[in-house]
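*Asks:* Listed here are the chains, written in short residue letters.
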Amino acid sequence: MGFSTWFKESFPVDQEALIKLTAEPIPNHLKRWWWALGGTPLYMFVVQIITGIMLIFYYVPDTDKAYDSIAYITYTADYGWLIRSIHRWSSNIMIASLLLHMMRVFFTRSYKPPRDINWMFGVVLFLLTLMFGFTGYSLVYEQMSYWAMQVGTGIAGATPFIGEWIADFMRGGSDIGQNTLTRFYLFHVVLLPILIAMAVGVHVYLIRAHGVTELKFKGDENVEKKTFPLWPEK
Amino acid sequence: MDRRNAIKNLFAFIPLGAAFAGITALGLRFITPSKRDIERRIFTLHLPELPINATRKFKDLRGKDLVLVRTGEHEVKAMSTVCTHLGCTVHWEKDRQEFYCPCHAGRFDKDGNVTGGPPPSPLETYKVEIQDDNVFIYFKDVEG
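For the protein sequence lines, the chains are A and B, in the order given.
For my numbering, add 5 to where a residue sits in the first sequence, where the first one is 1.
For my numbering, add 626 to where a residue sits in the second sequence, where the first one is 1.
Next up, chain A with everything else stripped away, as it sits in the complex (with noise of 0.2 Å):
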């Protein structure tokens, strides 16, 4: 039995389902850079697990010892100071893109039904990249992330009726202190990742199901061929 026999009834997956998957043709209006925002995001999304795994071998969920920690990623370990600032400007480039990405979304009308619950997810997806950029300003534990998390609980405290129970469980406590730094490391690493990528999956799932409605531009008259595939030069 060849390797390729064994793989194939080892690993029984339909080649050509996969294949399928990947080669679905895309309308080419997508090859301008406004209308492929949606992907950046998750590209720096992949860049962020990446990095932030990475992050998490040196950093240290103390109040004592956070600073210290990313002070020595920083200026001690072997490019440290090239991984944390990858994290941190993909951060930024992730909410901005998320920004761009919203507003084409919402002058081009494309919210509308039928894709108006995956609108839905996107706004979801944009308030979790939110929290993320919170937690994560925090694990600094320096002053400007003590303000940040005193300011930001004080937000969610704010809250009608159930403010007050918000604020105490993201504390932990009805100060900030190591249970706050250590519910926000929990927050950062653990909870958020888990419940983006599942908004991720159903939010780029509702794109494929929905498909991609073709747009033309001026000059787009004489193009003949209409879509590009995916993955090019099968």
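It is worth saying that the hints were derived from the structure and are not from the lab.
Quantities reported herein were computed from a predicted structural model and do not represent experimental measurements.
Please note: incorrect hints may appear among the correct ones.
As the list claims (entries may be wrong) - Only pairs whose alpha carbons sit at most 25 Å apart, straight line, appear in this in silico DSS-like list of lysine-lysine:
1. LYS634/B to LYS25/A
2. LYS117/A to LYS36/A
3. LYS766/B to LYS70/A
4. LYS70/A to LYS634/B
5. LYS634/B to LYS36/A
Given chain A, put chain B in place with the hints provided.
*Replies:* Frame of chain A; chain B shown alone:
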């Protein structure tokens, strides 16, 4: 795939592959523990060679000066001789059982803590281990 496309792909994937390999190498370097964090246990001298209150000067693996002081029957201290104030060389004063810096009269006790003068922080100390009259010191490895 024809030859034209194969060459096109080659030109696209060689730089991409090189970039990916480079970033992977940087990442591996980042998560590999650095030599500067590794401590080495190194034999220095036999206890009988060093009378009580006598000192012996050494250099550590990175070329920094340190001094060994026998402060008791079974007690040896290893201390950087670089004053934490402005970097002058401190020496052991056996009459007063302290390290003294002649530049600005900084004083440190036998554990390196500041007891007088301008030094802002204790002397850097090295971990010492005495085993069967053999004195070992834990040095940080050469920078790598």
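*Asks:* Each hint: holds or not?
*Replies:* Here's how the hints hold up against the structure:
{"no.": "1", "hint": "LYS634/B to LYS25/A", "verdict": "24 Å, holds"}
{"no.": "2", "hint": "LYS117/A to LYS36/A", "verdict": "23 Å, holds"}
{"no.": "3", "hint": "LYS766/B to LYS70/A", "verdict": "21 Å, holds"}
{"no.": "4", "hint": "LYS70/A to LYS634/B", "verdict": "51 Å, violated"}
{"no.": "5", "hint": "LYS634/B to LYS36/A", "verdict": "20 Å, holds"}
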